[in-house]
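*Asks:* Listed below are the residues making up each chain.
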Amino acid sequence: MSETSPHPPSLETLKTALGERFGVLAESNTHQLTVIARNTDVAVGDLFLLPCKRGPERFYVFRTTQYANVMNRTLDMNDVARNKLTMLGSYLSQDLAEENLIELKGIVLGFAQRDDDVWTFHRPRRLPEHLTEVYRVDAGDPAVADVVRTLMESQLGSDGLYIGDVLAGETPLAGVRVQLPAYALSHHLGIFGRTGCGKSNTMMVFLSSIMDHNRLVATGERQDRRCSILAIDPHDEFQTWHHRIGGRDGIRGIVHGYTTGQRENLVDPFYYLTGRQPATPGLERPLELSWADITPQDLASVIEMTDQQLSFSNRFFSQPDASGQASGDRWIRDLFDLTKEAAENDSRSSDVHPGTIDGVKRRLGFLQAGNNRIFTEYSPHDGKPYDSILPDVIVAMERGRVVIVDTTLVSEVEQFMFSTVVARVLFLLRKALRSSDDPARLETEIRSALGNDDDSGNTGMQALADELWSRVEAGALPYLVGDRVVSTDDLPYVNVVIEEAPSVLNPERIRFGSVFRDISRQGRKFGIGLTVISQQVTAIDQGILTQINTELTMALGNEEERRAAVRNASADLTGFERELQVMGKGQALATASYRDIPLPTQAPNFDTL
Amino acid sequence: MSTSLQHRHEFKAKLTKLVADMSAWEGKARIDEDEAAKIASSITAFSHTTAIEEPFLIGGVDGSGDYPSLSYSDSFVSIANASGTVYRTDSIHGLCEVASVADPNLELVWLPEDRDAAKPFWFEAFANLTGISVDAVIAQSDYQDLKNSSSSHSHGIAELEENLILPTASDTSNVAIQLRSVAELGAAYRLICHSASCRYVLMDTTLSLPMVTRKQLSLFYEHLKRLCCVEARDRGTVFMTISKSHGLPCIDIIEQLAANASGTGDKIAEHWFLRLPVPGHDDWQISLVENRTIPPVGAVSYLVRFHRNTPVVRMDIDRRYWETNLRDDAAAELRLFGELDYASHDQRAFGYPYPIKACHDRVRLSMNERSALKKQIIEAAVAQGMKRSLFRDVSSATGHV
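From first to last, the protein sequence lines stand for chains A and B.
Read in full-length UniProt numbering, the first sequence has 535 at position 535, and its numbers run on one by one without any break.
Read in full-length UniProt numbering, the second sequence has 298 at position 298, and its numbers run on one by one without any break.
The following block holds chain A by itself, in its conformation from the complex (with noise of 0.2 Å):
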């Protein structure tokens, strides 16, 4: 019952299988179809098939979008209802003819099309014949929903990230597996939803499928690159999900699962980080950034700041002092030691306003001590050196591993400055892998990328190149194979979740320039995406939102949410604005630039999974 199938069924033999007829084709065009139908319990959503001989064999996917009650031979309802308020002791006559019926209208969604011995599915541009018959979709029945298996084949997708299954209506079609191709991640995803429609629950189960990607991929049950992605977890549900009352362990379960080889292959050198200090350190590990990771680009990705202050930041991280040395990664140490005379003495700062200089220190403010939990100060003049979980991030990145990142006890800034760095970081490597044929170019090409280059005096991000070398040297970073470099194109596919992701890809913020507006734009050719999560559509930067080619939108807020959910989707939403109003927890539209229609989908709840 596949495309691949050399036997597929016949038209007949799969509408045996639909059962009883459900209504007639009313009304039809391209636009939108009328079904009238017997009188049924209905939801809007609900999936029909319409078998149709005009042309080859064909089953059009026909979706509803509205229902209402109609009656057979009536023809004004007002009336009838009027009667039936005002006038004292009206009834309505039960009819052996059928006289309630409801009317359906909606869109089609496609058509699976027979021929060459093949059921293949197309874009809806043609339309079924007139009064042709039509079927529901019974989601409660298994031969129902493996002809929509069948019918749909080349739209779920297959060996890829499982996401949910198809709704019909209400109702999930057991078995009707929603996949997103593996790539994806390395493109760029949306999930929108407002508060409580189920966002942590679909992103466990996404997690849990590169898991089980990555699995399959180790033991050569599928052939395909492993995933990476970096998820920030605001409230700690996906390490342990409901473990603590009782429920089903989380990520935490699966890697207690695997084997010590599964476990050194698919999660070492880690899984978890967390502001707190874990209980059984090992798999789960502090997190914990250097001062040294972070560059002005990195401050302006995450916070306010002015034309000046970015500009004296750069300035600062980049031009040599007096001594002619650059401060680099040891621009925010020697910026809190900067007084008002050695600022009036320094080439860097000398012309430039107190108040500016003032501004970006207070900026800087949350990495003191006191005012965060995860940046360790770097200052190797003053024996505190370079201290940081990033390059094994890096690491763990590079070679197919999902990450969790507890931010549940640091700061909105310290979480987003996090998922910048390591976006920027990434993106810089690759970018840099990308530009080294030769392995004896790569240290420096790597450095390049990371601005250091003793040669110039450009100190960089000298501490994490040490450290990212060092661990290319060892083998820990994939980058080199015997004598040849690796491709981007052998790497994994990497992805950055951005959680409350209006914080930092709103239009104000990235004005100054943004390493997610840059990934959002180049990441792709190196393997590099970003999964947008958000409860507004609205708030994010248009420019980033063009970029997202998959999307889960999920249950929105209000009708300003909903149209930009439509007018933003990779596939055509006309039709599903009702949809997007009334879905319940756990239902999205999957909507991808690869996939030729939406996909309205439940997410198995995690605990059951």
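These are computed hints drawn from the structure, not numbers from a lab.
Warning: the hint list may mix true and false statements.
[Claimed, not checked] Straight-line alpha carbon distances no greater than 30 Å define the calculated DSBU-like cross-link-like pairs of lysine-lysine that follow:
1. Lys267(B) to Lys84(A)
2. Lys53(A) to Lys15(A)
3. Lys105(A) to Lys53(A)
4. Lys53(A) to Lys38(B)
5. Lys431(A) to Lys525(A)
6. Lys374(B) to Lys53(A)
7. Lys244(B) to Lys84(A)
8. Lys374(B) to Lys119(B)
9. Lys384(A) to Lys361(A)
10. Lys119(B) to Lys215(B)
11. Lys340(A) to Lys361(A)
12. Lys374(B) to Lys38(B)
[To be verified] Covered stretches of chain B, as calculated for chain A (at least 3 residues, CB under 8 Å):
13. 162-172
14. 343-354
Note that beta-carbon positions come from the ideal geometry of N, C-alpha and C, so glycine has one too.
On the provided structure of chain A, position chain B as indicated by the hints.
*Replies:* Just chain B, lined up with the frame of chain A:
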């Protein structure tokens, strides 16, 4: 039509005369005080009936068709159909439909223009629509008796059968009246004879017998109409006709008298009936009837208002039934109208007996259905070797759709 017609002087002059004539007619005093008092005293109120004491079955009949559907050379094909529905009273649903006559009374009637050639087809159609032969209808009906007394001429069955008025095929309006009437009355007859045993069988027409006073000549549906009365009487069924076109002028006078009698003031009175005086029984005449034969021969007529939103209707009932069951039993008369009122409370047709409305909706042929039937007829005929080119859709060919 020219769009400027209404601006022409000639039109305006004719309009002025029309309005003057109508106004003069409107202002003509129809009844005097004595008659008004008589009418007022004869108006009887009945209760708005939302529950019934004794369950019963009530049937409704209506018909439709396409007259003619097609012409073929100098002959015509008509489609006649009618049906009946039966409902039982129900405390939950008001009325619940029960299975009765299975299929609509459907007949495809082909009539050649030649009168003699057409006669067998007329008779065949009548027999098919009625379920019994033409001579049996004439023999079993009491129309013959009514006609004999009304026309002062004694008629035999053969004479009546021989002199049935059968219009030529091209006289399409009269053909339509005959076929449709026979189809509907045939459906009513089947319903009356059906084992369902309705207390009431209603249909949308009158019990008028237009040719009853004429010697020899008669219409088949007159015989059939009276046969329905005979059969209903024998089975204890009340066969009544309801006509929304009561045919009386100045009905507003009666309405005002009803309002006065009901004490509703300027508001329309509802739930009342007025039995029109029966010649030979009542000692007064209602002048509004003027030269009309109301009540018809063999019948008793009522004017009834069920609800203020629906018009006054005329209901005819078999006189012999009335004499036996209603004439001297005011309570039975009130119960009858109360039960009809109960059957008129469906939300889709409030104020009108729902079984007729339901039957009308079922049996009505839509334009699409008519077109489909035409095509089927033509295709079947062509398959038999007939010429497709000689078939004409009469209405669309002339543009009179």
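*Asks:* Do three or more residues from the segment 162-172 of chain B put their C-beta atoms closer than 8 Å to C-beta atoms of chain A?
*Replies:* violated (count 0)
*Asks:* Does Lys84(A) lie within 30 Å of Lys244(B) when you go C-alpha to C-alpha?
*Replies:* Holds. Lys244(B) to Lys84(A) sits at ~23 Å (cutoff 30 Å).
*Asks:* Holds or violated: Lys105(A) and Lys53(A), Cα atoms, limit 30 Å.
*Replies:* 22 Å, holds
*Asks:* Would you mind confirming whether the straight-line C-alpha gap from Lys53(A) to Lys15(A) stays at or under 30 Å?
*Replies:* 12 Å, holds
*Asks:* Within the assertion that chain A covers the segment 343-354 of chain B, do at least three residues meet a Cβ-to-Cβ distance smaller than 8 Å?
*Replies:* holds (count 6)
*Asks:* Compare the distance between the alpha carbons of Lys53(A) and Lys38(B) with 30 Å, and conclude whether the hinted pair is satisfied.
*Replies:* Not OK: Lys53(A) and Lys38(B) at ~72 Å, beyond 30 Å, violated.
*Asks:* Between the alpha carbons of Lys374(B) and Lys119(B), is the straight-line distance 30 Å or under?
*Replies:* OK: Lys374(B) and Lys119(B) at ~23 Å, within 30 Å.
*Asks:* Within a Cα-Cα threshold of 30 Å, do Lys374(B) and Lys53(A) meet the stated pairing?
*Replies:* Cα-Cα ~26 Å, so holds.
*Asks:* Hey, Lys374(B) versus Lys38(B), does the alpha-carbon distance stay inside 30 Å?
*Replies:* 54 Å, violated
*Asks:* Next pair to validate is Lys340(A) with Lys361(A); report whether the Cα-Cα distance is within 30 Å.
*Replies:* The given pair, whose Cα atoms are some 12 Å apart, holds under the 30 Å limit.
*Asks:* Hey, Lys431(A) versus Lys525(A), does the alpha-carbon distance stay inside 30 Å?
*Replies:* 9 Å, holds
*Asks:* Is the straight-line distance between the alpha-carbon of Lys384(A) and that of Lys361(A) 30 Å or less?
*Replies:* Given pair Lys384(A), Lys361(A) holds - Cα atoms ~20 Å apart, limit 30 Å.
The structure shown violates the earlier hints numbered 4, 12 and 13.
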